[in-house]
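K.L.:
Residue numbers (numbering that gives the first Met the number 0), protein chains in the order written: chain A, 0 to 524; chain B, 0 to 182.
Be aware that one or more of the hints could be misleading.
Looking from chain B toward chain A, a few residues come up when the C-beta cut is under 10 Å (computed) [as the list claims (entries may be wrong)]:
#, residue
1, 3
2, 6
3, 102
Sample of chain B residues with no beta-carbon within 12 Å of chain A, all distances over it, derived [said to hold, decoys possible]:
#, residue
4, 4
5, 36
6, 38
7, 68
8, 91
9, 153
10, 154
Subject to a maximum C-alpha distance of 30 Å in a straight line, what follows is the list of computed DSS-like cross-link-like pairs (lysine-lysine) [claimed, not checked]:
#, chain 1, residue 1, chain 2, residue 2
11, A, 192, B, 10
12, A, 192, A, 488
13, B, 6, A, 192
14, A, 524, B, 6
Treat the hints as calculated values from the structure; they're not laboratory data.
Glycine included, every Cβ here is placed at the ideal spot set by N, Cα and C.
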Amino acid sequence: MSDAAHAHDDHSHGHPSGVMRWLTTTNHKDIGSLYLWFALIMLFLAGSMALLIRAELFQPGLQLTNPDFFNQLTTMHGLIMIFGVIMPAFSGFANWQVPLMLGAPDMAFPRMNNWAFWLLPMAGIMLMGSFWLPGGAVAGGWTMYPPLFIQGGISYDLTILAVHIMGLSSIMGSINIVTTILNMRAPGLTLMKMPLFCWTWLITAYLLIATMPVLAGAVTMLLTDRNFGTHFFNAAGGGDPVMFQHIFWFFAHPEVYILILPAFGIVSQIIPTFARKPLFGYASMVYATASIAILSFIVWAHHMFTVGMPAAAQLFFMFSTMLIAVPTGVKIFNWVATMWKGSLTFETPMLFAIAFVCLFAIGGFSGLVLAIAPVDIQLHDTYYVVAHFHYVLVSGALFSIFAGIYYWLPKWTGNMYSETLGKWHFWLSVIGMNIVFFPMHFLGLAGMPRRIPDYALQFTEFNQIATVGAFIFGFSQLIFLAVVLRTIKSGEKATSRVWEGAEGLEWTLPSPAPYHTFETAPVVK
Amino acid sequence: MAVGNAKTLTKLIVVTIGMFGFGFALVPFYYKICEVTGINAGAEQSLVKNTQIDSSRWVTVEFDANINEALPWRFTPVQRSMKVHPGQLVQVEYEVTNTSGHPVVGLAVPSYGPARAEAFFKKIECFCFTPQTLAAGETRRMPVLFVLDSSIDREMHTVTLSYTFFNTAKKAQTDSEKTRPRG
Chain A
0 MSDAAHAHDD HSHGHPSGVM RWLTTTNHKD IGSLYLWFAL IMLFLAGSMA
50 LLIRAELFQP GLQLTNPDFF NQLTTMHGLI MIFGVIMPAF SGFANWQVPL
100 MLGAPDMAFP RMNNWAFWLL PMAGIMLMGS FWLPGGAVAG GWTMYPPLFI
150 QGGISYDLTI LAVHIMGLSS IMGSINIVTT ILNMRAPGLT LMKMPLFCWT
200 WLITAYLLIA TMPVLAGAVT MLLTDRNFGT HFFNAAGGGD PVMFQHIFWF
250 FAHPEVYILI LPAFGIVSQI IPTFARKPLF GYASMVYATA SIAILSFIVW
300 AHHMFTVGMP AAAQLFFMFS TMLIAVPTGV KIFNWVATMW KGSLTFETPM
350 LFAIAFVCLF AIGGFSGLVL AIAPVDIQLH DTYYVVAHFH YVLVSGALFS
400 IFAGIYYWLP KWTGNMYSET LGKWHFWLSV IGMNIVFFPM HFLGLAGMPR
450 RIPDYALQFT EFNQIATVGA FIFGFSQLIF LAVVLRTIKS GEKATSRVWE
500 GAEGLEWTLP SPAPYHTFET APVVK
Chain B
0 MAVGNAKTLT KLIVVTIGMF GFGFALVPFY YKICEVTGIN AGAEQSLVKN
50 TQIDSSRWVT VEFDANINEA LPWRFTPVQR SMKVHPGQLV QVEYEVTNTS
100 GHPVVGLAVP SYGPARAEAF FKKIECFCFT PQTLAAGETR RMPVLFVLDS
150 SIDREMHTVT LSYTFFNTAK KAQTDSEKTR PRG
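Using the sequences provided together with the hints, build the complete structure.
P.N.:
Structure follows, in structure tokens:
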């Protein structure tokens, strides 16, 4: 995508070239590509950690790692996948697509956009570099709970700083997105005519602006507890470690919707295109997204049923959590209704979108099971939870990212991707993904605890199945890399509309999209 | 458009800073909620709580006071009745006044209603069976410290602790009257 953008850089006015071009760029397409490449690199890094975890779990006993290194792997896998892969990838989509979909010439604050991106690699280096520091990387879990997180070594300080930086980056990115969407829409493009991807990102950006500062506050308290003698969470000084969990999950439950709402947006663009029908229930989709976002602020303690709380509080958090299934169900029904009696074709983006709807629903249902407080007390910190959140984050968030890349790559590069390779990537991913994570439901129900490098003998077979699936899933992502690289270099030329059923302003532009677009705003009727 | 963008930017930065402050404001908020609802108090729950207390039920204890024979005293419980958990340490007080113009020695004897309740009254401190000398017109408060044993029958919802003061001087007098003819 970068080469294509470069080749069509016909409006360039003596811009720097080479590395300096990318360091100083304020072009939303360049920055979008940077975000996506960063996410892809991080996907392979954190994915390799996952493969190491699975390799260790192929057999009971300790084979490859010692327990401390295993804990470092699970912690860093989680942190990087969330803050280094899914969130930057969605930011990449937002940077590329929001101005194109709104008919805006660029993001509202291009310079801040540049800063927001270039903070990320700094945080990434801090996180990855901590593996080589004395004591290794953080091993206290991605949730950063005290007391472990106020006891560790230098890498804990570094991770806290990295979280600060990544939070700052996503706040800057979100401010940019909100401002762009609110102020820079083409004339006639009212909010309720906006593509759903812009709607989901608008709401996501608000969630980020509201919760990222709370996370920043929480990790700041960890930092001062560690270094400046405060006792927010240090029980020895009268602090309360449980309070960290409340503050953390006040951030982190909205965060899980930050990780999925843009996915809803991408899928809501793709399914109508390949069903050749307008999206069913557009307004209800907008309201469902907004209600999910609002409800996300009052359900946080369902992550904490086992730390102890009054029965009344358990009931409140249990029922408010279940309430979220209603707007989510509205969305699933709308996608299915969009496909109903449509002229469906099954190109790779559509395949990933359909897999998203089916598999995300499985993850949603296991989430409902976990919402039941008495059941959660049994399943807390077992592999059932691991299965649940990988169904919503891998077959949910990650599959929507694949779907979106296949869908918009021809627009970005001007070349069609290889449909054959795309289908190989899809089928290997969807089969591999289910082989890894489906057996984990049973492991969890049988009581296998998560984040432990060893396990009881009776769990061996299902763990071996999961490990085999993990290697199929992991290595099939190399096909994805090959597809992307090949599409950038060569391939059948894409038309400006690319897909027969595609609707929206971005498809009125030539493929590849010129370096500068919509310098005069289009008028939407 | 640029002016509009700057305005939006300012608003969003204010929200960001506000939410950063809100993260810290959650700290006093958390402690206040715990205090008001009494849901946390970790130290209290785990360290001080007496596990011998059966807080699942209440027993009403009634306090009764009587004066026997011609003892010139006024004797009343400070509290007529109270609800206690079995196993809970309870302190109550009785008030006694010598209404006569000369010192009198009295002695209290407890009784229980129903009589079976006696087995479950574990008295740690009591003024009974000890001769009490009250000066002319003196008023004294006397404590009783007791625990209702947590094995008390579930059917016993109300028990009565009753004290009766006897005039030991008169008793001695009567005794001497009885023995005198023989002596």
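K.L.:
Looking back at the numbered hints, which does the structure fail to meet, lowest number first?
P.N.:
3, 4, 5, 6 and 12
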